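Enquirer: Sequence:
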Amino acid sequence: MARLSTKDKEKPFILIGAVILGIIIQRIIGREIPQLIYLTEIGVFFVIFAVMLPVEIKDVGKAFKKIKPTAIVLFVNFIFIPAFAWTMGWLILCF
498 MARLSTKDKE KPFILIGAVI LGIIIQRIIG REIPQLIYLT EIGVFFVIFA
548 VMLPVEIKDV GKAFKKIKPT AIVLFVNFIF IPAFAWTMGW LILCF
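If you count by our numbering, then the sequence shown holds residues 498 to 592, one letter each, in order.
Some clues are possibly wrong.
As a list, the in silico DSSO-like pairs of lysine-lysine whose alpha-carbon atoms are at most 27 angstroms apart [claimed, not checked]:
| no. | residue 1 | residue 2 |
| --- | --- | --- |
| 1 | Lys508 | Lys563 |
| 2 | Lys562 | Lys508 |
| 3 | Lys559 | Lys506 |
| 4 | Lys508 | Lys559 |
| 5 | Lys506 | Lys562 |
| 6 | Lys508 | Lys565 |
| 7 | Lys565 | Lys506 |
| 8 | Lys563 | Lys506 |
Calculated from the structure, these hints are not laboratory results.
Remember, predicted model here, so these are calculated numbers, not experimental data.
Based on the sequences and whatever the hints tell you, model everything.
Expert: Right, here's the structure in full:
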């Protein structure tokens with residue numbers, strides 16, 4: 498049986514930690530700085546981007562040089578999945 502590498506073991510914790518940290522920051526200073534939501538969206542993008550790409554975290558910068566896999570990941574994670582989830586929600590709630 499194949500074992501997970503250290504990076505694969507850490508990725509879920511990084512993602513969960515980033516989400517929790519973002520929620521805490523938004524709750525603490527989000528009302529005073531409403532523009533913080535835009536920074537939060539950018540942060541979520543980079544966290545998901547780093548976690549979903551099949552590269553080491555330290556090599557995320559190099560991932561932008563690989564155009565095809567990067568474009569596919571971005572399309573699937575930020576266009577296809579949200580559109581699919583919205584469509585499924587619409588179908589379930591409307592019928």
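Enquirer: For which of the previously enumerated hints does the structure constitute a violation, in increasing order of number?
Expert: The structure breaks none of the hints.
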